[in-house]
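Protein chains in written order, with the working numbering: chain A, 1 to 503; chain B, 1 to 503.
Since the hints were derived computationally from the structure, they do not count as laboratory data.
Some clues are possibly wrong.
Heads up, the list lumps identical chains together, so a pair's fine if it works in one copy or across two of them.
Each computed DMTMM-like pair below joins lysine to aspartate or glutamate, with the alpha-carbon atoms no more than 25 Å apart [what the hints assert, rightly or not]: (1) 299 - 464; (2) 309 - 323; (3) 5 - 60; (4) 460 - 353; (5) 412 - 227; (6) 330 - 435; (7) 5 - 58; (8) 2 - 60; (9) 412 - 225; (10) 15 - 40; (11) 461 - 435; (12) 460 - 435; (13) 2 - 484; (14) 412 - 24; (15) 460 - 422; (16) 461 - 493; (17) 461 - 491; (18) 15 - 58; (19) 2 - 44; (20) 299 - 102; (21) 2 - 12; (22) 300 - 102; (23) 15 - 375; (24) 15 - 59; (25) 15 - 72; (26) 309 - 146.
There are 2 protein chains.
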Amino acid sequence: MKPLKLRRVAIDTYKENVVFLHRDCALYRSEGFQALNKIEVRAEDAVESVIAVLNVVDDERIATPGELGLSEQAFAQLNRAEGTAVYVNHATPPQSLAFVREKISGGHLGYDEILAITRDIAANRYSKIEITAFLVACAVTGLEREEIVSLTRAMVASGERLDWGEALVVDKHCIGGIPGNRTSLLITPIVAAHGLLMPKTSSRAITSPAGSADTMEVFARVELEIDRLREIVKHERACLSWGGTARLAPVDDILISVERPLGMDSPGQMIASILSKKVAAGASHLLIDIPVGPTAKVKKRSEAMQLRKLFEYAGDLLGLHLEVMITDGKQPIGKGIGPVLEARDVMLVLENDPLAPMDLKEKSLQLAGRILEFDADVRGGQGYFVARDILESGRALDKFESIMNAQGASPKSYTSGSLTQDIVAPASGTIAAIDNLQVARIARLAGAPMDKGAGIDLYKKLGDHVRKSEPIYCIYSEFNADFEFARQAAELDNGYRIDSNES
Amino acid sequence: MKPLKLRRVAIDTYKENVVFLHRDCALYRSEGFQALNKIEVRAEDAVESVIAVLNVVDDERIATPGELGLSEQAFAQLNRAEGTAVYVNHATPPQSLAFVREKISGGHLGYDEILAITRDIAANRYSKIEITAFLVACAVTGLEREEIVSLTRAMVASGERLDWGEALVVDKHCIGGIPGNRTSLLITPIVAAHGLLMPKTSSRAITSPAGSADTMEVFARVELEIDRLREIVKHERACLSWGGTARLAPVDDILISVERPLGMDSPGQMIASILSKKVAAGASHLLIDIPVGPTAKVKKRSEAMQLRKLFEYAGDLLGLHLEVMITDGKQPIGKGIGPVLEARDVMLVLENDPLAPMDLKEKSLQLAGRILEFDADVRGGQGYFVARDILESGRALDKFESIMNAQGASPKSYTSGSLTQDIVAPASGTIAAIDNLQVARIARLAGAPMDKGAGIDLYKKLGDHVRKSEPIYCIYSEFNADFEFARQAAELDNGYRIDSNES
Numbered sequence: 001m002k003p004l005k006l007r008r009v010a011i012d013t014y015k016e017n018v019v020f021l022h023r024d025c026a027l028y029r030s031e032g033f034q035a036l037n038k039i040e041v042r043a044e045d046a047v048e049s050v051i052a053v054l055n056v057v058d059d060e061r062i063a064t065p066g067e068l069g070l071s072e073q074a075f076a077q078l079n080r081a082e083g084t085a086v087y088v089n090h091a092t093p094p095q096s097l098a099f100v101r102e103k104i105s106g107g108h109l110g111y112d113e114i115l116a117i118t119r120d121i122a123a124n125r126y127s128k129i130e131i132t133a134f135l136v137a138c139a140v141t142g143l144e145r146e147e148i149v150s151l152t153r154a155m156v157a158s159g160e161r162l163d164w165g166e167a168l169v170v171d172k173h174c175i176g177g178i179p180g181n182r183t184s185l186l187i188t189p190i191v192a193a194h195g196l197l198m199p200k201t202s203s204r205a206i207t208s209p210a211g212s213a214d215t216m217e218v219f220a221r222v223e224l225e226i227d228r229l230r231e232i233v234k235h236e237r238a239c240l241s242w243g244g245t246a247r248l249a250p251v252d253d254i255l256i257s258v259e260r261p262l263g264m265d266s267p268g269q270m271i272a273s274i275l276s277k278k279v280a281a282g283a284s285h286l287l288i289d290i291p292v293g294p295t296a297k298v299k300k301r302s303e304a305m306q307l308r309k310l311f312e313y314a315g316d317l318l319g320l321h322l323e324v325m326i327t328d329g330k331q332p333i334g335k336g337i338g339p340v341l342e343a344r345d346v347m348l349v350l351e352n353d354p355l356a357p358m359d360l361k362e363k364s365l366q367l368a369g370r371i372l373e374f375d376a377d378v379r380g381g382q383g384y385f386v387a388r389d390i391l392e393s394g395r396a397l398d399k400f401e402s403i404m405n406a407q408g409a410s411p412k413s414y415t416s417g418s419l420t421q422d423i424v425a426p427a428s429g430t431i432a433a434i435d436n437l438q439v440a441r442i443a444r445l446a447g448a449p450m451d452k453g454a455g456i457d458l459y460k461k462l463g464d465h466v467r468k469s470e471p472i473y474c475i476y477s478e479f480n481a482d483f484e485f486a487r488q489a490a491e492l493d494n495g496y497r498i499d500s501n502e503s
Numbered sequence: 001m002k003p004l005k006l007r008r009v010a011i012d013t014y015k016e017n018v019v020f021l022h023r024d025c026a027l028y029r030s031e032g033f034q035a036l037n038k039i040e041v042r043a044e045d046a047v048e049s050v051i052a053v054l055n056v057v058d059d060e061r062i063a064t065p066g067e068l069g070l071s072e073q074a075f076a077q078l079n080r081a082e083g084t085a086v087y088v089n090h091a092t093p094p095q096s097l098a099f100v101r102e103k104i105s106g107g108h109l110g111y112d113e114i115l116a117i118t119r120d121i122a123a124n125r126y127s128k129i130e131i132t133a134f135l136v137a138c139a140v141t142g143l144e145r146e147e148i149v150s151l152t153r154a155m156v157a158s159g160e161r162l163d164w165g166e167a168l169v170v171d172k173h174c175i176g177g178i179p180g181n182r183t184s185l186l187i188t189p190i191v192a193a194h195g196l197l198m199p200k201t202s203s204r205a206i207t208s209p210a211g212s213a214d215t216m217e218v219f220a221r222v223e224l225e226i227d228r229l230r231e232i233v234k235h236e237r238a239c240l241s242w243g244g245t246a247r248l249a250p251v252d253d254i255l256i257s258v259e260r261p262l263g264m265d266s267p268g269q270m271i272a273s274i275l276s277k278k279v280a281a282g283a284s285h286l287l288i289d290i291p292v293g294p295t296a297k298v299k300k301r302s303e304a305m306q307l308r309k310l311f312e313y314a315g316d317l318l319g320l321h322l323e324v325m326i327t328d329g330k331q332p333i334g335k336g337i338g339p340v341l342e343a344r345d346v347m348l349v350l351e352n353d354p355l356a357p358m359d360l361k362e363k364s365l366q367l368a369g370r371i372l373e374f375d376a377d378v379r380g381g382q383g384y385f386v387a388r389d390i391l392e393s394g395r396a397l398d399k400f401e402s403i404m405n406a407q408g409a410s411p412k413s414y415t416s417g418s419l420t421q422d423i424v425a426p427a428s429g430t431i432a433a434i435d436n437l438q439v440a441r442i443a444r445l446a447g448a449p450m451d452k453g454a455g456i457d458l459y460k461k462l463g464d465h466v467r468k469s470e471p472i473y474c475i476y477s478e479f480n481a482d483f484e485f486a487r488q489a490a491e492l493d494n495g496y497r498i499d500s501n502e503s
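With the sequences and hints as input, model every part of the structure.
Printed below as a string of structure tokens:
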């Protein structure tokens, strides 16, 4: 068989290896390859091969009939120079696909089977179609508790695992869905000021107006090399960084890239996703925050309790000391929604400013208190008071500034958006409900989190009284188009329900 | 928002619309698009838009920061010249995805819901991920009988429906899995010679060594324009063409493109796939052939009976007169496997040659007889004898030649492969089993169906006696590499079980 000449095709096909063959390529014709077929590509001097999905091209600027193009990820994986002679073959489907089909037929999978699947996914041997089949089969048949633990372990095994060399490494995670709610930026300095080790790595927003990493970036750099991270944690007992630089449970990221566009969010996969990241990040003690409310991810207390049991069951088997707090998710936490506005709230709380949003402060102290009680020296029930003392004495602010300085100044300085519009109450009355989803949607339309100064600043919260035409919140944008989108959305549905006082 | 300049990116992403934005494209950065996000693309003068999945590129030869590239299918769908100003937006997910999620949660779908899904799929609004989610959810939860009928109807509605202007339009379909088995090429001329209307459109092989269209192509052109097809059918009462030129149930093709790489083959989807094509092709009376055998698609008679009930149920609701024959699928039918070798068998039968494979002739007469009995004038039980008379009198051969001439000569003339190798019996005895799957695999490795002369010619069938070292079949190839692959495969497992005579 004649070899083809390797070529890099600079297309980021996102977690899916793609091979490009020209329609007139002799091999394409003679081998009877079909579009979406998986093809094995091997350099002549290599043992290792790359599996990729076939796309046919009709443009010699992308690949000539004598060339074989590889998408960026696949090219990097093959790790050969352009022009290298490469050979192709029909790829044998990954053996672990048999387990996916078993799951489709309603079977249960053991650890070894799930590990075989995640290994093949990590090695980019699965197409998006195959990954989707696995995820949907899991979602439809449901994951047994044992399967959740197996999936968690397998995802941890797919990447690096940080070891901080201490027995007590604390962490927290909120299952999300509540706008604002930037408790991590307060809890971490409080806990670290007390002396506990809290290497907090956060995600950027995926579907929300800001993630902790987005907001922290207003204060400092968050994309830190893993060695630099270790140094900072060693000196500061904490960090507030983006988790993407370490290769923690990378299979989780691949699975999420498929779950997200499908809007799938099954409890089993959520738990495995959260716990795999935390175990890989080296946590020994973990506090999970489950907000409950009509427009939160978890709508009912009974549902939250079920989720808690699953978390506890999995945590025990994984050797993780895990506690769950079920919190109030009826409305956003804090006033600001969007990176800059949330950062302002965080700073007001740290500075003990009388204008600081009290709900954000209280919730952060409650959670920090529970984490402090992971310390054997803190008496049960006293954590909250220890936390409050650390915050109100200014020690939390000092610690936050040390962490900020250690991580280094953010590459840009950010201010709130210059385009602003107050949204006013259509009638007098009492704020009876705030729709987390609608408020988050408007903040995103305004430009958050990409435009850090964009978002919403809430003037009114549940139970507040308003007069007709009194502002209930303000929209901030940096760009006109976004501003218009957000204003239109707020006009159609401002996310607030106001009960008239007469009723 | 500034427009981008439209550009065609000549990549065939196969049934998935892809949009290419350069990583430095201002819109990409400001809109917060993410890889795999779905984006709506609209030309400035257009109402209609195209939905496509985002791929990010780093090569200005594919798309510059000011350009928006569309893959071939998406470019054709937008139907605008390169350079046209286009605007982009976050695409709202197709509303019918809510029904896919309902199916994932274990719900049942009604016709309107399934129709909404197939409409969106036909309009290329689904990504491969979303299509997979739908298919896997259906496979895991199973399709209720009503859902199978709804899916069939919805797939028919997705494309054209041929109308032949007659009340009795007959067709046949074999669910496949048996090598050789080229009954359609015999049944069609027999039935048409009798005067029934049989516009037979067939598929090319997907996973088998030949489809009816591949074999017919040895004799005549099979890719016929729909208008030409109508003319031929009008004059000849029949055709033997490839079904791909008419837009019959196009959603079925899209679903198959995802099912195939997953190796999924659930009964519900198979029935909907077959019946949608036949209803769209205008059949009023349909005979389904279900071969049963240990290495056939259907292993047991009880399974075949279940499938028959499902076919009958769906046929009745679809207003199709449908009959099912359960046939012997223990071994290949005929001697040749691969287009040229099968074509030879067909011609031997039509010419009443004493060397013609009797099993192929008998099975074809049985099936043709059942179809002839769809004619009110043919007495029950007499169809077989009418068919035999038509065949043995030479009228079937005449009709076949008329159809051949009407369709036009094949662009090439084909002969059997010049590389041949006899495979011999390792011991004396009786042929006790032939593995359909292994025999098909060897024929494919030899080059079938792409190389029409490649395949296998069987000398021995079940029950035949062989002496040690006596040839049991011959491999034909056109190319050395294929020849070697096929020989190696046959050496490891020739697909035959021979029971020694002593036992």
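Point to revise | Numbers of unmet hints, in rising order | key: 23
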